[in-house]
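Protein chains: 2
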Amino acid sequence: MNKIYIISGPAGVGKSTTTKGLAKQFSQSAYIEGDLINHMVVGGYLPPWKSEESLSLVWENIADLSVNFVQAKKNVIIDYVAFPEEVEEFSRKIYAEVQNVEIIYVVLWVDRKELLRRDALRIKEHQMGVRCLELMNEFEIRVIDERFFYNTTDLQASDLEEIFMNIKENPSFKF
Amino acid sequence: MNKIYIISGPAGVGKSTTTKGLAKQFSQSAYIEGDLINHMVVGGYLPPWKSEESLSLVWENIADLSVNFVQAKKNVIIDYVAFPEEVEEFSRKIYAEVQNVEIIYVVLWVDRKELLRRDALRIKEHQMGVRCLELMNEFEIRVIDERFFYNTTDLQASDLEEIFMNIKENPSFKF
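As they're listed, the protein sequences go chains W and X. Counting along the first sequence from 1, when you hit position 4 you're at 4 in my numbering, and nothing is skipped either side. Counting along the second sequence from 1, when you hit position 83 you're at 1083 in my numbering, and nothing is skipped either side.
What you were told as hints is all true, and nothing was included just to trick you.
Distance ranges between label pairs, derived from CB positions:
1) Thr1153(X) x Lys124(W): 34 to 42 Å
2) Glu140(W) x Glu1088(X): 45 to 53 Å
3) Leu155(W) x Glu1138(X): 47 to 55 Å
4) Leu1046(X) x His126(W): 28 to 36 Å
5) Arg147(W) x Glu1085(X): 45 to 53 Å
Which stretches of chain W does chain X cover? Using the computed rule of at least three CB atoms under 8 Å from a CB of chain X, they are:
6) 22–32
7) 40–51
8) 54–63
9) 71–77
Lysine-lysine pairs mimicking DSS-like chemistry, simulated, CA-CA at most 27 Å apart:
10) Lys1050(X) x Lys24(W)
11) Lys1174(X) x Lys1003(X)
12) Lys1020(X) x Lys124(W)
13) Lys73(W) x Lys1093(X)
Treat the hints as calculated values from the structure; they're not laboratory data. We put the beta carbon where it would ideally sit given N, CA and C, even for glycine.
Start from the sequences and build out the full structure, keeping to the hints where you can.
Printed below as a string of structure tokens:
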């Protein structure tokens, strides 16, 4: 059965590295970068955290792409800031069109100190500084079941294989 | 009425500059880069010019995104190597879901000498050299109505406004 992995978490936590690596683990896979879908809008762009309409358009696009990829027998890896309500709505869209698919939801997490350290390692233009922490707060104030959190504070780049294995095998991430 | 602009033509002809600029002309628009959609496939990737399945998956994805953008009242600008058969199939998908939309098809064109000159101006990793000419040959052997060709050999970067105007207003580009 094909799976759709939604890898969420605050900026700087390692979503991009994790999702890109995870996509390479499968003989058939597709990688959807939410930010990139979001930035397809040029004229009249409004950021999804400021506009309900933008947010729902991004998720509609991600869902339609996912359906096409699943129908082409590919596992789908989604790299985007996603909260449970969005994953819920996304699941409804998916199951309306394809049945034989499993949705996995992971919120990557690290301690605040480690988040700032990782952010500082990114290339200058991608660094967010203390804004990382604001996004972290947003994850904490939303009601998210503990089982979806994956704390990677003590894991290094060399532990990526272990991270992939856990995301693929751990049943608590099933949405 | 919203429009979908499919801007095609051989590599090096100026598709990217033209489409990105065109997208900025509208108060409501979205920009879809075909190559980027194509490269969402990671595991099991086959180039669309070698696999019917890959080609049809890319177009299905482009069509679904376009439908969503048109429904969100945006003009859509597509940057991709597209031949009339693909535009035909794409049109069918679009009109099955949205009626109030017009499809514009433009094959950007330049003389061979000018194509090689423009290719040499691109950043090293994007340069294609004589492979540009092979793609040009492919456009010439396919049966494409003359009216879709837009020869920009004598136009410069400073003529972009004129190019945008022509693409937007010239009725011969209506598919």
